[in-house]
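Keeping the supplied structure of chain H fixed, place chain B upon it in accordance with the hints.
What follows is the residue order along each chain.
There are 2 protein chains.
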Amino acid sequence: MAKEKPSIPKGTRDFGPEEVAKRKYILNTIEKVFIKYGFMPIETPTMENLSTLTGKYGDEGDKLLFRILDSGETFEKIRNSKFEIRNQNEFNNSITEKGLRYDLTVPFARYVVMNRNEITFPFKRYQMQPVWRADRPQKGRYREFWQCDADVVGSDSLLHELDLINIYNEVFKCLGVGVEIKINNRKILAGIAEVVKGIEHLNTIAVAIDKLDKIGKEGVSKELTELNFTEIEIATLFDIITIKGTETEMLEVLKVKLQNSTEGLKGIEELVFIYKTIQPFNNSAILKTDFSLARGLSYYTGCIFEVVAMEGSLRSSIGGGGRYDNLTGIFGLDGVSGVGISFGLDRIYDVIEELKLFPETLSQGSSKVLICANDSIENIELAPVLQLLNKLRNEGIASEIYSEKINVKKPLEKPIKYASSKAIPYALIYTENQPLKFKNLATGFQEELTIEEIIERLQD
Amino acid sequence: MAKEKPSIPKGTRDFGPEEVAKRKYILNTIEKVFIKYGFMPIETPTMENLSTLTGKYGDEGDKLLFRILDSGETFEKIRNSKFEIRNQNEFNNSITEKGLRYDLTVPFARYVVMNRNEITFPFKRYQMQPVWRADRPQKGRYREFWQCDADVVGSDSLLHELDLINIYNEVFKCLGVGVEIKINNRKILAGIAEVVKGIEHLNTIAVAIDKLDKIGKEGVSKELTELNFTEIEIATLFDIITIKGTETEMLEVLKVKLQNSTEGLKGIEELVFIYKTIQPFNNSAILKTDFSLARGLSYYTGCIFEVVAMEGSLRSSIGGGGRYDNLTGIFGLDGVSGVGISFGLDRIYDVIEELKLFPETLSQGSSKVLICANDSIENIELAPVLQLLNKLRNEGIASEIYSEKINVKKPLEKPIKYASSKAIPYALIYTENQPLKFKNLATGFQEELTIEEIIERLQD
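Chains as they are written, first to last, in our numbering: chain H, 1 to 460; chain B, 1 to 460.
These are computed hints drawn from the structure, not numbers from a lab. You can take every hint at face value.
All copies of an identical chain are treated as equivalent in the list; a pair is satisfied when it fits inside any one copy or across any two copies.
PhoX-like mimics (lysine-lysine), calculated; alpha carbons at most 20 Å apart, straight line:
1) Lys288 - Lys211
2) Lys32 - Lys368
3) Lys391 - Lys32
4) Lys276 - Lys391
5) Lys417 - Lys368
Since the structure is predicted, the reported quantities are computational estimates derived from the model, not experimental observations.
Bound-form chain H, shown alone (with noise of 0.2 Å):
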C-alpha cells in the first residue's frame, strides 16, 4: 500500500492532553452546576433513524444532517431502481437510514416518548455530547462540537425558567467569563406580528429579525418588503423591538402597545415574573429583555434565551435555549411542556482560551514523578527501582520510570526534556547503593531524602 500522508475531515480536530484538559474543566463546570440544580444525566446515540431527524430542523438543516450509508444492498437497489431517482435528496433517502446526531434536543424528546412509561414528569435531564453539522467551516463554526443541554419537560412552571437563567449565570461565575443573557418571549412576539400585520406571520418575523445582528435594520427591511410588508408595517415593528429603557419601563411602554394581544400581554407577564422573583446577580452576568431577540427554531413558544460573551472577538451566541409546549408532540406524545438551555463547549473554549481565563493547574493527567536512574534501565538491577515506583503508585502518586537509553555522561538530560514535555514537576533520581536524590524540576531544587520523606512530601 502507497504511504498516505494523513490528515483529518475538514471541520474536525484532533484534541491532544492540554485541549482534553482544558475542555475536561468546561463540562466538569457546567456538570456541577447541572446536578446541583437537580438535573440528571443521560445519553442518546450518535447515530438516529433518518425518520427522527429529519423534517425537525427546516430545510436548511435537513441539507447539514450527516446520513451514514447502509451497509447492506444499496448498490443493488440503486442498480435495481432502473435509476430513476430524480434528485439528489430523493437519492441520499434511497441509500441511507440512518444519520448523525444533529442536536440533542430532538433526540432527547425522541427518548421521551419511548420512555414515557418509566419517567416520572416534571424529567430534568442533561446531555452533553457531540453533534455533527455539514456547515461550512468556519472560526468558531466546527462540524463535530459538542453541546450541553440541560431541560425540564412535564411542567409548565416559570421556576423552571427561572432555574435555567441561574443555571447560565452560575456556569459563567464560575468560568470567568462575562456574560449577557438576553430574554425574550415568543408569546410577545406573537403579539408583535399580530400588531403589525397579523399573528400568522409570526414565524416571518421571526426568521427575519433573527437576522438583524447579520444584515442590520436595513438588510431585514429589505428581506419583509420582499415579503410584502408595507413601510408602515416595517416601521411598527422597528418602533416595538427598539424600545429602549431599564427592564421595568420597556415592558411598561411595550404593554401599551400591545394592549390588544392577550398572548403578548401573557409574554410580558412571564417577563415581570421573572425580573420580579429572580435574584439579583453578583457578577458579572447581565440579565438583558431584547424584543428583536426571535431565535430560529419553529418549535419556541415561551421564554427565549441566548447567551452571548460580553468580551473577546467572538460574539455570536455561546448558548441559547427556550419553552417549548408541544416538541414530543412529534413523535406522539402531546402535552408536554418543556423548557430548555444549551451551552456550546467549543465556542465557550473560544472565548476561555482567547481571553486567558483557563487556570494554569489544569491537570494534563501527567505523573507527579519521573524516576531516572544513572543509567539506562535496561543496564540496571530492576527491582529497587520497581520497588520505588510501587511505593509511590501505591499512595495514589501518578509516577512513571524513564524508559529509554540514556546518556551516561548527562544522565538527566534525556530524561527532563521528556519530563517538561509532559510537565511532571518532579524527578527522583536513583543511583545504586547511594541515597535518593529528589529534584524539583521547576526550580532545580535537589536534596537526599528518603522514598517515605518524598511520598510525605508529595502528599502534602
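Okay, now just chain B, sitting in the frame of chain H:
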C-alpha cells in the same frame, strides 16, 4: 407530518441516569489508573477519512465500516458516471470519503504521525471514546460501543508491558471483577510456525488458532487441513499450543521445542522477563501463559494480551492488546515501536451488572433535597421558598423545588413519588409561618429544624 412511533437504530442504545452513572463509574476507575501510570488523554474525531480507515482492519473490517455520505454532489457524480460502477465496494467508495471511527488504535497512529514534531517520545496516551462497527448485533455485541485504550509509542522497553499488565490488574481489582489475563508473544507464534511448517505461515496459523475457543480443536484442524497442512504439521502445532504446567515449566518445555527458532527463543525470553519482574498480584487476577492466544490483528509483533472475566456467563474478551512494531509505518513514520491495551467498556458493564458488583451508592446526579410546600407552588408567596433553595445551593447542596400542582389534602403524595423516582433522600417541607420540617424519605423520620441546622446535617 404523520406521527411516527420513534425507535433507535439496531445495535445502539439509550442510557438513562442510572446507566450513565454506572458507565461513568467504570470509565472513572479506568481513567484514574491510566493517569496513575503516567498516561495522558487525547481525543480524535468521530469521522476519519476513508483513506485512514480502509485496509487497516482486513477485508472483514472494511465491510464493517460505517461510511458517511458526502453531502455534496454525490448524486450528480453517480449520474454522470453513467452508472458504470460494478460492485458495492466501488459504489461505496465513489460516494463516500469519510467513515466512523472503527477503533482507537488506527486514529492514534494517525495522530502520532500528524503530530510527530510536537510529540516527545515515548508518548503515553490514553483515549476513551466510542467506536462503530456494522456487525450483526447480539448479546454483548453492539454497533456503537466504547473502548478505553492506553498505548505507549516510541519505546521498545518491556517495562511498558509490565505497566500495562499491572493496569489490567489494578483496574479489575478496583472493579471487583476476577479476571484471567492471558499472555502470549507473537514471536513465539512465529517460532511455532517455523517449527510446524515455515515462518510464512504465521498469519494462517494465528488466524486459525484464534478460533479455537469458537470451533474447537476439530474445527481448527479441519480448516488447516483445507489449507494444505499435513496431519503431522497439525499434530505438532497442537502438541505445542497445549503444553501444560506452571508458567516456568511451560516456558522450559517450549524452549526445547523452539530451540531452532531465534525468533521463538526471543519471545520466550520476553515472557520469562515479565514473569521474573512482575510483582505477584494480591487479588483475584491471574496472569496466565496461553500459547494458543493469537489475536487476529496482523500488526502485533511482540507480547499479546487478552482479558477474560472468571465469573458470569459472558466469557468473551473484555480487553486485549499487544506490541506492534510498525503501526505508524502505514502513515509514513517507520521505526516507532508501540504497545497498548484496550478495555471494552460495554462488556465490562455487562459483567459487573450480571455479577451485581456496582456500588449501591453510585450518584446519579440527583438532588439531595426536594423542597415541598403545603400548597401548590403557584399559590404561595415564592420569596421565602426561593431563599431556602438558594441557601442550600450556595452551600453546594443539590436541591430543587417541587414545581407542580399538589393535592392539598395529601400535600406530600406527589412530591414524594417524584423524589422516590429520582432517589432524592430528603424532603424539606415549608409551611408559611411555621418551623421547617425535614424528612428522611428512606426512614420516614421527620423533625423540625432551621435551615442552618439542615445544612449542617447535610454537610456532615
